[in-house]
Structure formats: C-alpha cells, structure tokens
Amino acid sequence: MDNVALHNELTGRTAELMLQAALGDPIYTARYEGLCVGNGNTVVQGIGVCYAPTLEILRRAADQKKNLILSREHPYYLHGGLHYSYGSDGLEAAMKDDAVVRAKREIVQSGRLMVCRLSTWWDEFRPKAQSQALAKALGFTPIAAAPTDRARGVVCNIPRASMTDLGQTAATRLKITRPRVIGDPKISVSRVAVLAGETDPSPALGRLLADPKIDGVIAGGGSTVDEVDGAIGYFRDVVGSGRRIALLAVGFGPSHDPGVAEMARYLRDVFPQQTVDYWPTSDPAWIPK
Amino acid sequence: MTPRISRRNFALAASLAPLAARAQSPALTANQVVERIQQKLAAEGVNWGPSNFDRFHLGDPDTPVTGIATTFEPTFDVLKRALAAHKNMVISHESTWWDGFDPVQVMLSDPVCQAKIKFADANKMVVWRIHDHWHRRRPDPIFVGLAAKLAWQAYYNMDTRPRRYTIPDASLEDVARHIQERLGTRNVVVVGDPAQRIRTVGDCAHILSSVLPALRSCDAALVGETPEHDTFEYVRDALALGQKKAVLMISHEGLEEWGMETCAEWLKPAFPGLPIEWISTGDPFEVPAIHS
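Protein chains in written order, with this note's numbering: chain A, 1 to 289; chain B, 1 to 292.
Hints may contain errors.
Okay, the calculated beta carbon distance ranges per label pair [to be verified]:
1) B/D159 - A/T172: 19 to 27 Å
2) A/D149 - B/K40: 51 to 59 Å
3) A/G90 - B/R199: 23 to 31 Å
4) A/S282 - B/Q105: 39 to 47 Å
5) B/Q105 - A/D149: 21 to 29 Å
6) A/E106 - B/Q105: 43 to 51 Å
7) A/E92 - B/G45: 32 to 40 Å
8) B/W48 - A/R244: 40 to 48 Å
9) A/R59 - B/D121: 55 to 63 Å
10) B/G273 - A/K96: 51 to 59 Å
A short list of chain B residues far from chain A (calculated; beta carbon distances all over 12 Å) [claimed, not checked]:
11) Q38
12) N47
13) H86
Straight-line C-alpha distance at most 27 Å; calculated DSSO-like pairs for lysine-lysine [said to hold, decoys possible]:
14) B/K40 - B/K268
15) B/K124 - B/K268
16) A/K175 - A/K289
17) B/K118 - B/K244
18) B/K244 - A/K96
19) B/K124 - B/K80
20) B/K80 - B/K118
21) B/K244 - A/K289
22) A/K186 - A/K289
23) A/K175 - B/K244
24) A/K289 - B/K149
25) A/K186 - A/K175
26) B/K80 - A/K186
27) A/K213 - A/K136
28) A/K213 - B/K80
29) B/K268 - B/K80
30) A/K213 - B/K118
31) A/K136 - A/K175
32) B/K124 - B/K40
Hints were generated in silico from the structure; no laboratory data involved. Glycine included, every Cβ here is placed at the ideal spot set by N, Cα and C.
Could you build the full structure based on these sequences and the hints that come with them?
Put into structure tokens, the structure is as follows:
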C-alpha cells in the first residue's frame with residue numbers, strides 16, 4: 001500500500017506539477033530536467049535538496065526516508081542543458097551498464113526514491129539566484145540589477161583585495177582547498193563579477209565584462225560549452241589585451257552549493273506540508289600543496 | 001683590373017651562393033607553407049581531409065612568412081611573443097576564437113576579438129590551425145609529447161585503448177606531485193584518496209564519456225580540464241562505492257601543448273632557412289597558497 005497514493009497525498013508527479021506552478025513551465029528543450037529518476041506515483045515522505053544526488057546522499061535519503069530529492073545535477077551525471085550539446089553526447093549509452101550507476105539505481109529502487117532535477121529550470125525562474133547566493137556566501141552584496149537583466153552574473157563592489165586574498169576568503173567560506181586564478185593573483189580588485197557555475201560562453205562573458213570598472217571575476221570554473229574551456233582562453237585574451245583583471249575559479253559544485261541552500265529555503269514555501277532539508281555537498285577535489 | 005679570385009674567396013663565394021639565391025627568391029607565403037605541410041603529412045600517410053578546424057583563422061593567407069611559431073593556442077600573449085621573435089605565422093593546435101568551433105562571426109563586435117584582429121592586421125600576422133590532422137599522425141604526437149614531458153615514455157602503451165601508463169607503484173598524492181613538477185605548475189586538481197596506490201594511469205580527453213574507459217580499466221585517469229559536474233561527481237560516487245579510482249585534472253594546455261613543441265621540430269626539415277620555434281601557451285591557472 002505504501003506505493004499507492006491516496007487522493008490527498010503528495011506524489012512525486014504532483015510535486016513536479018507544484019514546481020511547475022511555482023517556477024513556471026519547465027524548459028522542455030533542456031535535457032535531463034524534471035522528475036528524472038524513480039516512480040512518480042510514489043508518495044512523498046520527505047524532501048531533501050542538494051547540489052548533486054551523490055551515492056552518499058541517496059543512501060542518506062533512503063535511511064531518513066526522505067524519498068524526494070530535488071537536485072541541481074542529475075544522479076547519473078547527465079548534465080545536458082540548453083546550451084550544452086557537447087558534453088553529454090554518448091554518455092547515456094556509456095552509462096547503461098555502468099557499475100556506479102547500477103549501484104545508484106539499486107538504492108533508488110530499494111529506497112523508493114525519486115529525483116527531480118532543477119537546474120536550467122531554476123535558473124530560468126531566477127537567473128541571478130545562484131550567483132547572488134555565491135556572492136553573499138563570500139560576504140559580498142550584489143549591486144541591484146535592472147529588472148530586465150536576465151544574465152546570470154551579478155556585480156559587487158568589495159573592499160579592495162588581492163585575488164590571493166579572495167582565494168583565501170573563498171577557501172574559508174566555501175570550505176574548499178583549491179581556488180585557482182587566471183591572471184595575476186597579486187592584483188588587487190574592488191569590483192567583481194560573480195558567476196556561479198561555469199563562466200558563460202565567450203559572447204556572454206564579454207557582455208558581462210563590458211563594464212570597464214570590473215577588475216575581477218569569481219566563477220565556478222571555465223565554460224564547458226563546445227570545446228571544454230572556451231571562456232578560459234577568452235579570459236586569457238582579455239588579460240592579454242592589456243586589461244588589468246583576473247579570474248578566481250572556486251570549483252563548479254562549491255560555487256553552486258550556496259544557491260542550492262537558497263533554493264531549499266524557497267522550496268519550503270512550495271511544499272509547506274513537507275519537511276524540506278538542505279543537504280550540503282562537500283567539495284571532493286584537492287590540489288597537492 | 002680583374003679582381004683576383006683566391007681559393008679562399010672562391011670558397012666563400014660558393015658557400016654564400018645558396019643564401020644569395022634564397023635572399024633573391026620571394027619568401028614563402030602562408031598558403032605555400034600550408035601546401036608544403038600538407039605534402040609532408042601526405043608523405044607520412046595522412047592525407048588532407050575534412051576538418052571543422054584545420055584552416056586559416058586569422059590574417060591573409062598570401063602574407064609572406066618571416067618565421068613560424070608553433071603553439072597550443074594563439075592567445076594574445078602568444079601573438080605578441082611571436083611578433084617579438086619576428087615570426088609572423090602562428091601554427092596552433094587550438095582555437096583563435098575560444099569556443100572550439102571558432103564562432104568568430106558571433107564575436108566580431110567583441111572588443112577583445114576586434115583588438116586581436118587589429119593586432120594581427122597591423123603586424124601582418126597569420127594564424128593557421130592544425131588540430132585534427134596533427135592528431136591523425138601515428139603515434140599521436142600530442143600524447144607522445146605529453147609522455148616525454150612527464151618523463152613517462154618508458155611506461156607508456158599507446159596501442160591499448162585507453163592509452164595507459166604503467167608506472168612504478170606510488171601514492172596518488174605522489175603521482176600528482178610528479179605531474180606538478182614535470183609540467184611546472186601546481187594546477188593539478190585531484191579527486192581521490194591521496195594514499196591510494198597507483199600503478200596504471202589512462203590519459204584521455206575532456207568529457208566523462210571519454211574519461212570512463214580510463215577510469216574503468218586504470219587506477220587513475222589523467223584528463224585535461226574536464227567538466228566537474230559529471231567527471232568529479234562520478235569519481236566521488238565510485239569512491240563511495242569502494243572502488244579505488246581517481247581523476248587527475250590538468251589544464252587543456254598541460255595535456256596537449258607539448259605535442260606542438262614537437263611540431264616545431266617536425267617542421268624544420270621542410271623549411272630550411274625559415275626560423276621556426278615553439279612558443280609555450282603556458283598553463284592558464286595560478287594556484288595561490290591557501291592556509292587551512
């Protein structure tokens with residue numbers, strides 16, 4: 001009986017419809033979004049919100065019987081996205097008989113878990129939410145943007161600091177050990193563009209940098225559109241063209257996690273009858289000293 | 001009075017004759033350089049064929065060439081250094097216009113793009129890209145170059161799929177340190193247990209579907225700037241499952257630029273008298289010291 005919804009019980013499918021009502025229609029051209037794993041007719045017992053539905057998070061969800069996971073990333077690593085045709089090509093087929101994916105499927109099945117992914121969907125609803133949350137997590141206050149501004153990036157005026165100092169701030173506040181800098185780490189900056197996730201593709205990054213006062217960028221990592229790291233090369237040329245500017249990369253997941261915490265707060269209002277937990281995702285990466 | 005031709009003067013004149021003839025002959029154009037490279041590749045069995053990338057990307061192909069600089073990516077900095085070295089033809093492995101498939105049309109209003117074009121025009125510079133055809137040589141010079149840079153040639157098997165190094169047993173942390181030292185950068189980002197023992201390292205290109213074969217058959221995968229949202233998360237989960245796996249992420253430059261160093265040496269016999277050198281694009285990332 002526990003898999004059959006009564007008329008007043010929340011199922012995964014109903015939860016997805018409630019998300020549509022709150023966030024607007026999902027972007028159907030964005031691949032691998034929405035309820036992507038599990039049986040949507042399953043009754044929701046509790047909700048966990050996370051950046052990545054890792055194996056450990058699936059285990060935790062099963063243990064705590066919070067069987068609806070709302071995540072930014074896909075449990076089987078299928079990123080997709082509106083602007084992303086390169087990176088996931090062939091991956092779905094390659095994952096078909098993969099041992100790691102098989103183990104995750106088994107946990108999903110035995111724990112009657114469901115994963116609903118909100119990535120582009122959330123970004124289309126609140127384009128700046130992830131970057132605003134990253135800026136706040138770093139201790140910065142974003143400048144108010146025009147209502148028509150739907151770019152992802154935010155701009156902050158900050159107390160003048162070197163990129164090395166900002167790397168230390170990011171390490172402390174985001175609990176990372178591997179900040180990296182493109183450009184001179186010693187230059188001091190006072191007006192930074194903050195971009196959760198990857199930098200935009202070069203044209204959009206160029207538009208963000210049109211403000212000549214911006215002398216620093218804080219992002220998750222380089223753009224992975226088309227050929228992996230286009231925006232890294234673009235940014236090198238911004239520096240090479242003579243502009244005094246540098247970019248701090250804090251890591252893709254660590255840059256998104258503050259925004260996921262904000263998303264969890266928002267989702268508590270969407271599902272007032274449910275417990276909605278935020279499950280932080282630690283950074284798995286390190287650089288030898 | 002007829003000048004006296006001594007044996008010494010005669011020998012000097014004879015030795016200078018080819019140089020004089022060369023001085024009088026017009027310099028090769030960039031187009032002619034490319035034709036000669038295509039012939040050289042064909043002689044090795046790599047016939048010129050379809051490619052999304054391999055063509056002129058900047059400048060006039062009829063420009064007389066003063067010298068050639070090979071490089072990984074023709075960044076602004078590389079163009080400036082090539083000009084300073086009096087080499088106006090840059091032969092690059094990667095893109096001039098950043099996003100892989102060279103969407104220069106969508107970037108034409110961008111000030112950085114405009115500055116790059118203006119710089120090349122003002123200095124009669126040409127950029128020609130050789131990506132696919134350089135990878136088509138056997139063995140692939142890009143990965144031969146990396147093996148040499150890592151001083152791992154003796155451990156390398158290029159005939160397996162994935163290509164793999166079977167190295168002396170070492171911890172993951174020590175392997176990462178070795179890569180840092182050999183590539184001259186701290187930019188080696190690792191996911192995995194630092195104490196894990198490593199014997200086999202598969203090298204691979206960028207995306208998770210390319211990294212998977214190395215992860216499945218080797219202790220660690222060595223990859224150039226892979227998307228973190230899939231590759232890092234996959235390895236995290238593999239570790240949580242008890243698999244002893246690791247990924248070592250270096251920059252795209254760190255993975256591939258050494259193969260363009262060998263390109264300069266490969267070109268020299270085909271262009272006697274034409275100055276040719278490799279210009280390092282260098283690693284894009286500095287890793288600042290962080291206190292925990």
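Q. What are the numbers of the hints the structure violates, in ascending order?
A. 1, 17
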